[in-house]
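S.K.: These are the residues of each chain, in order.
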Amino acid sequence: MEKQFRESIGTALDDAKLSAALGKFSVDYKANRAKIYEDTDFEALRSQIAACKSFAAAHMEELAAQFTKNAEARGAKVYRANSPESVREYILKVAKDNQVKTIVKSKSMATEEVHLNPFLEKEGIEVAETDLGEWIIQLAGQRPSHMVMPAIHLTRDDVADIFSKEVEERLTSDIPRLVKLARERLRPKFMRAEMGISGGNIAVAETGTVVLITNEGNARLTTTLPKVHVAVVGLEKLVANFADIAPILKALPRSATAQLLTSYVTMVTGPTPTDDGGMKDLHIVLMDNQRSAMAHDPMFKEALQCIRCASCLNVCPIFRLVGGHVFGKVYTGAIGTILTAWYEGLKESEEIQGLCIMCGACKDVCPGKIDIPSLIMEVRRRVVKNQGLPLLQKSIYQVVNNRKLFHGMLRAASVAGKPFSKDGFIRHLPMFLSDLTEGRSLPAIAAKPLRDIFKKIEQPRGLQQKVVFYAGCLIDFAYPEMGEALVKTFNKAGIEVLFPENQTCCGAPARYSGAYEVAAQNGKDNIEALLSVEADYVISACPTCTVALNEEFIATFKSLGHTAYLPQAEELAAKVMDFSTLVKKLVDEGRLTLKEGQTLGKVTYHDSCHLKRSLRADQPPRELLEKSGYEISEMFECDVCCGMGGSYSVKLPEMSAPILQRKLKNIKDTGAPVVAMDCPGCVMQIRGGMDKDGSGVKVRHTAELIAEQLKD
Amino acid sequence: MYDQFKARAERAGAEVHRFTSKAEAESFVVDLFEKEQVSDQAGHLAVWADCPFLDAAFKERVSAIPGMRFTVSREDANAAWIGISQVDGAMAEIGTLVQDATAIDKRLVSMLPEIHLAILDTNTIVADMPAWIAQADASKLGAYMAMITGPSRTADIERVLTIGVHGPRRLIICCVDKLGGEA
Numbered sequence: 001m002e003k004q005f006r007e008s009i010g011t012a013l014d015d016a017k018l019s020a021a022l023g024k025f026s027v028d029y030k031a032n033r034a035k036i037y038e039d040t041d042f043e044a045l046r047s048q049i050a051a052c053k054s055f056a057a058a059h060m061e062e063l064a065a066q067f068t069k070n071a072e073a074r075g076a077k078v079y080r081a082n083s084p085e086s087v088r089e090y091i092l093k094v095a096k097d098n099q100v101k102t103i104v105k106s107k108s109m110a111t112e113e114v115h116l117n118p119f120l121e122k123e124g125i126e127v128a129e130t131d132l133g134e135w136i137i138q139l140a141g142q143r144p145s146h147m148v149m150p151a152i153h154l155t156r157d158d159v160a161d162i163f164s165k166e167v168e169e170r171l172t173s174d175i176p177r178l179v180k181l182a183r184e185r186l187r188p189k190f191m192r193a194e195m196g197i198s199g200g201n202i203a204v205a206e207t208g209t210v211v212l213i214t215n216e217g218n219a220r221l222t223t224t225l226p227k228v229h230v231a232v233v234g235l236e237k238l239v240a241n242f243a244d245i246a247p248i249l250k251a252l253p254r255s256a257t258a259q260l261l262t263s264y265v266t267m268v269t270g271p272t273p274t275d276d277g278g279m280k281d282l283h284i285v286l287m288d289n290q291r292s293a294m295a296h297d298p299m300f301k302e303a304l305q306c307i308r309c310a311s312c313l314n315v316c317p318i319f320r321l322v323g324g325h326v327f328g329k330v331y332t333g334a335i336g337t338i339l340t341a342w343y344e345g346l347k348e349s350e351e352i353q354g355l356c357i358m359c360g361a362c363k364d365v366c367p368g369k370i371d372i373p374s375l376i377m378e379v380r381r382r383v384v385k386n387q388g389l390p391l392l393q394k395s396i397y398q399v400v401n402n403r404k405l406f407h408g409m410l411r412a413a414s415v416a417g418k419p420f421s422k423d424g425f426i427r428h429l430p431m432f433l434s435d436l437t438e439g440r441s442l443p444a445i446a447a448k449p450l451r452d453i454f455k456k457i458e459q460p461r462g463l464q465q466k467v468v469f470y471a472g473c474l475i476d477f478a479y480p481e482m483g484e485a486l487v488k489t490f491n492k493a494g495i496e497v498l499f500p501e502n503q504t505c506c507g508a509p510a511r512y513s514g515a516y517e518v519a520a521q522n523g524k525d526n527i528e529a530l531l532s533v534e535a536d537y538v539i540s541a542c543p544t545c546t547v548a549l550n551e552e553f554i555a556t557f558k559s560l561g562h563t564a565y566l567p568q569a570e571e572l573a574a575k576v577m578d579f580s581t582l583v584k585k586l587v588d589e590g591r592l593t594l595k596e597g598q599t600l601g602k603v604t605y606h607d608s609c610h611l612k613r614s615l616r617a618d619q620p621p622r623e624l625l626e627k628s629g630y631e632i633s634e635m636f637e638c639d640v641c642c643g644m645g646g647s648y649s650v651k652l653p654e655m656s657a658p659i660l661q662r663k664l665k666n667i668k669d670t671g672a673p674v675v676a677m678d679c680p681g682c683v684m685q686i687r688g689g690m691d692k693d694g695s696g697v698k699v700r701h702t703a704e705l706i707a708e709q710l711k712d
Numbered sequence: 001m002y003d004q005f006k007a008r009a010e011r012a013g014a015e016v017h018r019f020t021s022k023a024e025a026e027s028f029v030v031d032l033f034e035k036e037q038v039s040d041q042a043g044h045l046a047v048w049a050d051c052p053f054l055d056a057a058f059k060e061r062v063s064a065i066p067g068m069r070f071t072v073s074r075e076d077a078n079a080a081w082i083g084i085s086q087v088d089g090a091m092a093e094i095g096t097l098v099q100d101a102t103a104i105d106k107r108l109v110s111m112l113p114e115i116h117l118a119i120l121d122t123n124t125i126v127a128d129m130p131a132w133i134a135q136a137d138a139s140k141l142g143a144y145m146a147m148i149t150g151p152s153r154t155a156d157i158e159r160v161l162t163i164g165v166h167g168p169r170r171l172i173i174c175c176v177d178k179l180g181g182e183a
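Protein chains in written order, with the numbering used here: chain A, 1 to 712; chain B, 1 to 183.
So here's chain A without its partners, still in its complex pose (with noise of 0.2 angstroms):
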C-alpha cells in the first residue's frame, strides 16, 4: 500500500467531522430503509430487477442496436461513444455548432467518468452544475465523494464557506437560506444556457426512451429551457421493455434515499417542443467505456446489474470511517472499486480493493442483486495475478501450502509465544495470518493443539452415527477448548467425532488476499483429508471456514479453471453444516437435550459475518442459548462486522481498531455479562479488544456454552 494513500486514510480517520456525518447517516439510513421497505417483498423486487437487468447486459448490443432505431424514429440523434474521449469530442462538436456559450447539467455520474466539466471549460465553455450538491463539489473544486449524495463529506459549514466565496459575502450556514440561495443563483443560468447535459437513469430500448430520477427538479428544467439537450447514458443502463421500469422506479428511490419515489421522474422520449416555437435538438450518447467488455466477462457481467443508487455506500462499515475520497476514485465503495477497475483500469483499483473487509454487507441490500463482495474478491485476484503478492506475504503463503511446515511451525511458535501471553489472551494474531512485521511480538498459541488433545478424548465406544469435524487453524492451534466443547455436544448426542489429521487452512487467508492458488491447493489438500473417513456431516465451528468448504473451494476452482476438483468440491460441500445449525437440528429431533428451567441470565449476541449473510444461520444459535436458559438482550447493530476480516486487523488496523471501539461499545451498552458469537475469529477480536478494555464481559463461542447446558 502507498504511503501517500495510507496518509490518507489516516486523514480521514482524524476528520470528526467526517465520521460524525457519516457516521450518523449509516445509522439513519438503515432505520429509514427497513422502514421504506416495510411493505414491500425485497427479494422478489430485486431478483425481478436482476433479471431484467442481466437480460439486458446479455443483451446488450441488441438492445443499444434496438434503442437507438426507436429514438432516433421519434426525432433524437442517438450516437455511441465507444471512449471517454469520443463522448468528449461529440459533446463539444454538438456544443459549437449551436454557438453554445452556457451549458446546464443535471447530476450525471457518467459525464464525471468522463471528466466531461474541465474539458469543456477549457475550451471557453461556462458549464454550471445544478444538482445542489455537484453544484456545491464543483465551487469546492473537488469530486464527489458519493454518487448519490455527492456533497455528504461536507457540513453546512463548509458550504457556507463555499457559498461565501462564490457570492463575495459573508453567509451564515443556515441551510434553507444556502438552498435559496442556489435556487436564485442557478436559475438565471437556466434561463440563458443553449446546452442542457443529464445523465440518464434508465434507457428503454422498446421506446428509445431516457428515464432521469430528480428531486430537485433540476433534471426538469436541464431537459426543457435550453435549445439542445445531450443525455449522456451508459450502455448498462438499457432496459429491453417499458414495464422494466417498474421495478427499478420501485427499488432505486426506497435504496438510494429511502423514498417512495423521487419528486420527479421525466421520460424523455424524442423531441419536444421548445418555447421559442421550435422543437429541440436532442442528442442521446450511449457510452461504452469498457461496458460492452464488462458484459463478455463471465463474473463482471453480473456488475452490469447495478442501478447506481448506492446503498453498497451506505451500509459500508470502511465507507463510514473514510468516505468516498479514500474509499473511490469517480465511483466511490464497493460497488465503485469494481466500476473503478474497468472504467479506470485495474492499476486504479489497486489500493482502494484493498480496504473491503469482506462483511457482505453491501451484498445483502444490493437491489441488483450482485454478489459485490465476490466481484471485489476478483479485482483483487486479477490485481495480485498481474502484480503478484508481496514477498513476505508469499513466503507465508508457500508455508501454508505445505502443512507438516506449517503446522510445525504454529507448534514452534506456541513455545515461543509463551512469554507474551497473559491469562489465555491472545493479543496478537496467528502469524501465518499476519505479515511479520517488525515489532509485533509473536501470537499466543495454545500450549497443545487440538490434533494432540483429540487423540486423548474418549469417545464413547460403538457409536453408529459419525461426523467430520474440520477445526480450522483457530481452533486447532489457539482454542483447542472449542472443539473439545463441539466433541462433548456430539457424543451427547450419540454421534462420533472425526478429526482426519492430513487437514490443513482453509485457505481463506490466502483467497481474501487474492493468492488465488494458495487457497486452490489448501482446497484440495482439506478435500482429500475430509473425504477419506465415512461420515455424515463434515461441521465446523467457524463460519469462514464453513463457507470455504461449501462454497469457496468451488468458486477458486471455477475462477482458476481448475475443473476436476469440482465434483468432490461438490460432494464435500453437500455435507458441510456450521456448529450451531446441527445442534439445534439435534435439540429439535430430541437426540439432544439442554438442562431444563434454568435461568443463566443475560447474553448479548454478536452476528460473524459469514455465518449471518453467507450461511443465513443467525437464528439457530440465539434459539440455542434461549433454550439453555439464557436471555438474549439484542445489541445495537448487531450484525455489524467487528473489524476482524481476518488479515485485514493486521493490514489495517487502523481501521480495525474504531470498527472494533464501537462493537465494544454496543455490546457493553446491553449490560449483558457474557457475548456470544460463532466464530473463533471474531472470539479473538472481541476478547482481545475485551481484554484491553477491561470490562470483564466474558467473550464466549456459542459450542462452549452450549456444552455446559447439555443435561446428562
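Derived by calculation from the structure, the hints in this document are not laboratory data. Check before you lean on any hint, since a few could be wrong.
To be verified - Once the Cα atoms are required to be at most 20 angstroms apart in a straight line, the calculated SDA-like pairs of lysine to any residue come out as:
| no. | chain 1 | residue 1 | chain 2 | residue 2 |
| --- | --- | --- | --- | --- |
| 1 | A | 77 | B | 140 |
| 2 | A | 77 | A | 52 |
| 3 | A | 180 | B | 50 |
| 4 | A | 585 | A | 712 |
| 5 | B | 178 | B | 13 |
| 6 | A | 227 | B | 58 |
| 7 | B | 178 | B | 134 |
| 8 | A | 602 | A | 585 |
| 9 | A | 180 | B | 79 |
| 10 | A | 189 | B | 26 |
| 11 | A | 30 | B | 44 |
| 12 | B | 22 | B | 56 |
| 13 | A | 665 | A | 19 |
| 14 | A | 227 | B | 169 |
| 15 | A | 17 | B | 159 |
| 16 | A | 227 | B | 178 |
| 17 | A | 180 | B | 13 |
| 18 | A | 329 | A | 118 |
| 19 | B | 35 | B | 56 |
| 20 | A | 524 | A | 564 |
| 21 | A | 24 | B | 161 |
| 22 | B | 140 | A | 206 |
| 23 | B | 178 | B | 78 |
| 24 | A | 180 | B | 160 |
Unchecked claim - In silico negatives: residues of chain A with every beta carbon more than 10 angstroms from chain B:
| no. | residue |
| --- | --- |
| 25 | 13 |
| 26 | 30 |
| 27 | 42 |
| 28 | 74 |
| 29 | 139 |
| 30 | 143 |
| 31 | 156 |
| 32 | 178 |
| 33 | 183 |
| 34 | 216 |
| 35 | 220 |
| 36 | 250 |
| 37 | 271 |
| 38 | 394 |
| 39 | 395 |
| 40 | 573 |
Glycine residues also receive a C-beta, built at the ideal position from the N, C-alpha and C atoms.
Start from chain A and add chain B according to the hints.
M.R.: Chain B in isolation, oriented as in the chain A frame:
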C-alpha cells in the same frame, strides 16, 4: 384509492384537496389566487397551461383577476407565483401525479413558479406504477412524460430535507370527481 393517494401525496409534502363538482373546484382556485395575492406585479403572476379545466366560461371568470397569463413565456413563468396545469392521472400507492408534459406550457408552469397547482380528475387515479404502465401505450408514449411526487426537494446539505430547490416549493393538488371532458 383516493384516500391512499391523498395520504401518500401528503406524506411526500403535497397539499391535496377534493371537490365533487367542477364549480366547487373553480371556487377553490379563485380563492387560492386571492389568498396568494396573485397580481400583475413581477413575481405574483399566475400562469396557465391550456387544459380542459380552463373552459371558456371559467377562463372568462378568471380573466378578471389581474396577473393571469394564458399564453406562457419562460419569462412570465419565471416571474409567476402560481402555475396551473391539468395532469393525466395519478398512482395511489406512491402519491404520484402523471402528466404528458410534451406541450411546453405544461412544463413551464409546473417547473418555474413557486407553487404548482395541479388539477386531477379523481377517476384517473390508478393503484400503482405497474397499473399505470399496463394502461399506458408504450408505442405512443408522450415525448415528455412527467411523474410528480410532492414539491421540489433536496437533502444535499447535511441530509437536511429542504423544500423548493429548483422547482415549486408547494404542490397543491385539486382533485375533481366530476370534471367532465378529457384531460
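S.K.: Decide, hint by hint, whether the structure agrees.
M.R.: We went through each hint and held it up to the structure:
1. A/77 <-> B/140: 19 angstroms, holds
2. A/77 <-> A/52: Distance ~26 angstroms between residue 77 of chain A and residue 52 of chain A Cα, so the pair is violated.
3. A/180 <-> B/50: Violated - the C-alpha atoms of residue 50 of chain B and residue 180 of chain A are around 30 angstroms apart, more than 20 angstroms.
4. A/585 <-> A/712: 19 angstroms, holds
5. B/178 <-> B/13: 25 angstroms, violated
6. A/227 <-> B/58: 34 angstroms, violated
7. B/178 <-> B/134: Given pair residue 178 of chain B, residue 134 of chain B is violated - Cα atoms ~24 angstroms apart, limit 20 angstroms.
8. A/602 <-> A/585: Roughly 24 angstroms separates the two Cα atoms, so the pair is violated.
9. A/180 <-> B/79: 16 angstroms, holds
10. A/189 <-> B/26: 36 angstroms, violated
11. A/30 <-> B/44: Between residue 30 of chain A and residue 44 of chain B the Cα gap is close to 43 angstroms, so the pair fails against 20 angstroms, i.e. violated.
12. B/22 <-> B/56: Holds, because 13 angstroms separates the two Cα atoms, which is no more than 20 angstroms.
13. A/665 <-> A/19: Within the cut-off at roughly 17 angstroms; holds.
14. A/227 <-> B/169: 26 angstroms, violated
15. A/17 <-> B/159: 14 angstroms, holds
16. A/227 <-> B/178: Between residue 227 of chain A and residue 178 of chain B the Cα gap is close to 39 angstroms, so the pair fails against 20 angstroms, i.e. violated.
17. A/180 <-> B/13: 18 angstroms, holds
18. A/329 <-> A/118: The hint holds at about 17 angstroms.
19. B/35 <-> B/56: 24 angstroms, violated
20. A/524 <-> A/564: 10 angstroms, holds
21. A/24 <-> B/161: Distance ~15 angstroms between residue 24 of chain A and residue 161 of chain B Cα, so the pair holds.
22. B/140 <-> A/206: 11 angstroms, holds
23. B/178 <-> B/78: 32 angstroms, violated
24. A/180 <-> B/160: 14 angstroms, holds
25. 13: 21 angstroms, holds
26. 30: Non-interface label stands for residue 30 of chain A: nearest chain B Cβ at 14 angstroms, farther than 10 angstroms.
27. 42: 16 angstroms, holds
28. 74: 7 angstroms, violated
29. 139: 13 angstroms, holds
30. 143: 15 angstroms, holds
31. 156: 5 angstroms, violated
32. 178: Contrary to the label, residue 178 of chain A does not stay out of reach of chain B, its closest Cβ about 6 angstroms off (not over 10 angstroms).
33. 183: 6 angstroms, violated
34. 216: Since the minimum Cβ distance to chain B is about 4 angstroms, residue 216 of chain A lies within 10 angstroms and the statement is violated.
35. 220: 5 angstroms, violated
36. 250: 7 angstroms, violated
37. 271: 7 angstroms, violated
38. 394: 45 angstroms, holds
39. 395: Residue 395 of chain A is indeed farther than 10 angstroms from all Cβ atoms of chain B, at 48 angstroms.
40. 573: 39 angstroms, holds
When the structure is compared with the earlier hints, violations turn up for hints 2, 3, 5, 6, 7, 8, 10, 11, 14, 16, 19, 23, 28, 31, 32, 33, 34, 35, 36, 37 and for no others.
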